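Residue numbers (my numbering), protein chains in the order written: chain A, 5 to 482; chain B, 5 to 482.
Careful: at least some of the hints might be erroneous.
To be verified - Simulated restraints on C-beta separations:
#  : chain 1 : residue 1 : chain 2 : residue 2 : range
1  : B       : H39       : A       : A105      : 34 to 44 Å
2  : A       : A105      : B       : A123      : 33 to 43 Å
3  : A       : P25       : B       : S244      : 53 to 63 Å
4  : B       : A123      : A       : D363      : 42 to 52 Å
5  : B       : A123      : A       : S244      : 51 to 61 Å
6  : A       : A436      : B       : A123      : 48 to 58 Å
7  : B       : R98       : A       : A436      : 19 to 29 Å
8  : A       : A125      : B       : R101      : 38 to 48 Å
9  : A       : A105      : B       : G305      : 17 to 27 Å
10 : A       : L139      : B       : E360      : 46 to 56 Å
11 : A       : D103      : B       : E392      : 41 to 51 Å
Unchecked claim - According to the in silico footprint, chain A covers these stretches of chain B (three or more CB under 8 Å from chain A):
#  : region
12 : 32 to 39
13 : 48 to 55
14 : 237 to 249
15 : 304 to 318
If you're looking for bench data, these hints aren't it; they were derived computationally from the structure. Here the structure is a predicted model, which is why all the values come from computation and not from measurement. For every residue, glycine included, the Cβ atom is placed at its ideal position computed from N, Cα and C.
There are 2 protein chains.
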Amino acid sequence: MQGLLAALAEIVGPAAVLARPEELLVYEADGLTVHGALPSAVVLPSDKTEVARVVRACRAHGVPFVPRGAGTGLSGGAIALEHGVVIECSRLNRILRIDAANRIAVVQPGVVNAELLKAVAGHGLFYAPDPSSQLACTLGGNAAENSGGPHTLKYGTTTNHVLALELVLPDGEIVRLGSPVGVAPGYDLVGAVVGSEGTLGVLTELTVRLSPLPERADTLLGIFGDVVSACRAVGAIIASGLVPAALEIVDKRTIAAVEASVYAAGLPTDAGAVLLVELDGPALAVARQLERVRAHCLAAGAHEVAVARDAEERQRFWRARKGAFGAMGRLAPDLYVHDAVVPRARLPEVLERVCEIGDRHGLRLSNVFHAGDGNLHPNISFDRRDREELARVTAAGEEILRVCVEAGGVISGEHGIGTEKREYMRLVFSDADLGAMCRLRAAFDPEHACNPGKVFPTTRFCMESDPKARGYEHVELA
Amino acid sequence: MQGLLAALAEIVGPAAVLARPEELLVYEADGLTVHGALPSAVVLPSDKTEVARVVRACRAHGVPFVPRGAGTGLSGGAIALEHGVVIECSRLNRILRIDAANRIAVVQPGVVNAELLKAVAGHGLFYAPDPSSQLACTLGGNAAENSGGPHTLKYGTTTNHVLALELVLPDGEIVRLGSPVGVAPGYDLVGAVVGSEGTLGVLTELTVRLSPLPERADTLLGIFGDVVSACRAVGAIIASGLVPAALEIVDKRTIAAVEASVYAAGLPTDAGAVLLVELDGPALAVARQLERVRAHCLAAGAHEVAVARDAEERQRFWRARKGAFGAMGRLAPDLYVHDAVVPRARLPEVLERVCEIGDRHGLRLSNVFHAGDGNLHPNISFDRRDREELARVTAAGEEILRVCVEAGGVISGEHGIGTEKREYMRLVFSDADLGAMCRLRAAFDPEHACNPGKVFPTTRFCMESDPKARGYEHVELA
Chain A
5 MQGLLAALAE
15 IVGPAAVLAR
25 PEELLVYEAD
35 GLTVHGALPS
45 AVVLPSDKTE
55 VARVVRACRA
65 HGVPFVPRGA
75 GTGLSGGAIA
85 LEHGVVIECS
95 RLNRILRIDA
105 ANRIAVVQPG
115 VVNAELLKAV
125 AGHGLFYAPD
135 PSSQLACTLG
145 GNAAENSGGP
155 HTLKYGTTTN
165 HVLALELVLP
175 DGEIVRLGSP
185 VGVAPGYDLV
195 GAVVGSEGTL
205 GVLTELTVRL
215 SPLPERADTL
225 LGIFGDVVSA
235 CRAVGAIIAS
245 GLVPAALEIV
255 DKRTIAAVEA
265 SVYAAGLPTD
275 AGAVLLVELD
285 GPALAVARQL
295 ERVRAHCLAA
305 GAHEVAVARD
315 AEERQRFWRA
325 RKGAFGAMGR
335 LAPDLYVHDA
345 VVPRARLPEV
355 LERVCEIGDR
365 HGLRLSNVFH
375 AGDGNLHPNI
385 SFDRRDREEL
395 ARVTAAGEEI
405 LRVCVEAGGV
415 ISGEHGIGTE
425 KREYMRLVFS
435 DADLGAMCRL
445 RAAFDPEHAC
455 NPGKVFPTTR
465 FCMESDPKAR
475 GYEHVELA
Chain B
5 MQGLLAALAE
15 IVGPAAVLAR
25 PEELLVYEAD
35 GLTVHGALPS
45 AVVLPSDKTE
55 VARVVRACRA
65 HGVPFVPRGA
75 GTGLSGGAIA
85 LEHGVVIECS
95 RLNRILRIDA
105 ANRIAVVQPG
115 VVNAELLKAV
125 AGHGLFYAPD
135 PSSQLACTLG
145 GNAAENSGGP
155 HTLKYGTTTN
165 HVLALELVLP
175 DGEIVRLGSP
185 VGVAPGYDLV
195 GAVVGSEGTL
205 GVLTELTVRL
215 SPLPERADTL
225 LGIFGDVVSA
235 CRAVGAIIAS
245 GLVPAALEIV
255 DKRTIAAVEA
265 SVYAAGLPTD
275 AGAVLLVELD
285 GPALAVARQL
295 ERVRAHCLAA
305 GAHEVAVARD
315 AEERQRFWRA
325 RKGAFGAMGR
335 LAPDLYVHDA
345 VVPRARLPEV
355 LERVCEIGDR
365 HGLRLSNVFH
375 AGDGNLHPNI
385 SFDRRDREEL
395 ARVTAAGEEI
405 LRVCVEAGGV
415 ISGEHGIGTE
425 KREYMRLVFS
435 DADLGAMCRL
445 RAAFDPEHAC
455 NPGKVFPTTR
465 FCMESDPKAR
475 GYEHVELA
């Protein structure tokens, strides 16, 4: 390891290599606090050449490596298993180009999501994917996890907004994928790399699509007696052909936590659930759509429907929604944020079962979620130091995933698999289906040097799925 | 070969195996008439099990195979090089499920694009990708080529509308990729397979996204003195933040051909260019947007701006636009349809250079194209029996591609690479970039048994790009 540390220091300079225990501690986990692993070192390269040299040095020393953005991920994707080296991208933080005429931006992976929004707003443009952590999370991390956000319903996830990538492959080769014009001949490897959770290489540049700012955006609040009525309103809104920018449900427990926090926005704490509906587009259309949404909410049983009176109030509502995880975090030392997706039409029954699971395990479970996408976020407040409670959290989590998959859903909508849900990939995919993915991994990283132990049930399973890779030496993860 | 024919006949029944020369002749080419190759046999399986068995039989006999839809492709992607077996998907033509609540349809690959539109219209839904050949082309072929169409500007290409796939891999294994809920954990292999031009396996089922029919759609015709003014209008419309469903330019020569054909729609034959603008969405917004588009057209120098008076006239305009290739086909025995993409802002200069190239080579070149996407379709009318003219067509084609790439574009927007443009992949990609794609191919088909000779410059190049595959036996293509 000393040899590798010296090599890394030579590449990036000694100040950009962290290896003292107290320096490494903050890299022990990401947003998923229950899974942890200390890296051997953290290295902070400043350009693509340094990234490539760092990767090659790790390979030469037989040490795995893990690309990392801001560490806000929620599935353990950015932790270094097998004592790997963390390649932190925070110094690759420049916006290289904003091309307003062609509506694209070229950025380095360490640019913070919200910084890009600020930089392009003056051009009448915005970058659509808006994860709740957007004040901290980076565009490289967003691409690695294929992040979503409330606006996914209308605008799609990160994969719909990344046009081209520059990537250091796990063997140190630098390649460019895709094209800034939005279509590219040959295989769509941009799509395969986006969402690959840092297992196919280290991003060094992204070309992203910018969208024109809508002429008008309005936010409506439907106040409901219970979550199921709010879900019914969501179903009716979608069935009517409307495509809101966002359709979010916040349940009673989450409202209480938010209103007791710095994110307080005047949400009614006596409501069973609040439905936040964002409509954007041409001003005349938005005004009329608001009326239609209001009618659907009332028909579904809303006690009250309010529209944000001005931009300031609208932003307050959204800060409350996006701050919900932070607010929940104040209720207990730890927060487990789940992320399953079910067909929209099955939301009410699945939510009922999710709540029953939480109650049965005696857990404090709340729900704040992207209802329009069927993307659930059951949140469990707990204390990981209480091993017995942690065991109940884990058991409930597995039950929740099974219920969602049985309803025709999947185990992750926007947070990734990481270390958290790798065992559950088999709930969704057959061995043959998973094996097809493993073949892709083997094509770029047959030895699992790049972010090992993520996404797939076991490293052994993945390696054995590659007909050509059978026989590789490897260590089964604990 | 006789052994394979007997095996195929046993799998699908003798009537579904075609091997007589007169039966094979129609499979000699696809819509790209200048590239041809006779298959050894054509087989028409009726379900996924038969497809898998056919693939395994071909592999057992060492014969390559090529999946084929309706054969309307324009880049030679569906022809059987190396005397392969064509696997025709026309019998896999059932719509398996329409789920209006979740806005998805599950279809077999042989379903004709327009048939799906008909089937879902009653639910207030539509399938967005609308290639000009949609009355004939199939959804499997659309997925293989990642087909676009006029509505790509607002709705994206096929890849944005395919949620899940069932696929027989080149080794005969059946896998399911993606998820009907629209996001799926693990690698996005759906994205990699869509646009892979039949080189990664044979599709047997697709789950596609349906979109709500817009409340209103209007089509506006801007009549311009020349193509460059029409391009200027396109730039102004986009810069204003409007997102029309389609922005199409038809030039003078194409108008003349269309108006002399069955597709005649009353387009002004004395115009230098017509800009077709489709606006769709909420009725109030569309009405106002029409006025804004009208103003942009007039400011850019339009002589006249007309709005289709009713649905019948609107459909006539679109039939004219989509029939343009057919109409051009009447001018000469052959039509070469190019398909490059350039950054929208550079359309005027690129078009001028494209026309200059056509003139210099003494060719009848016309332009009808997706201006909003920067997707050019320079069409050359010619007679392939005239070898000297064919040589000029080829030389001009290469010059056009070089001009587009120099302008920051790519060599194909929606027609694929196939056999047609494989040599030109190097204009866009470095060997390392192409090598990354070849690794993916090698992961699924190291011996290039599935649709050999397509997409990549040479089979040898592709095989040698896979570090693990070096040393495979193979025949270099002529």
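Now the hints, each set against the structure:
no. : hint                         : verdict
1   : B:H39 to A:A105: 34 to 44 Å  : 37 Å, holds
2   : A:A105 to B:A123: 33 to 43 Å : 40 Å, holds
3   : A:P25 to B:S244: 53 to 63 Å  : 57 Å, holds
4   : B:A123 to A:D363: 42 to 52 Å : 44 Å, holds
5   : B:A123 to A:S244: 51 to 61 Å : 21 Å, violated
6   : A:A436 to B:A123: 48 to 58 Å : 30 Å, violated
7   : B:R98 to A:A436: 19 to 29 Å  : 23 Å, holds
8   : A:A125 to B:R101: 38 to 48 Å : 43 Å, holds
9   : A:A105 to B:G305: 17 to 27 Å : 19 Å, holds
10  : A:L139 to B:E360: 46 to 56 Å : 51 Å, holds
11  : A:D103 to B:E392: 41 to 51 Å : 43 Å, holds
12  : 32 to 39                     : violated (count 0)
13  : 48 to 55                     : violated (count 0)
14  : 237 to 249                   : holds (count 6)
15  : 304 to 318                   : violated (count 0)
Of the hints listed earlier, those the structure fails to meet are numbers 5, 6, 12, 13 and 15, in rising order.
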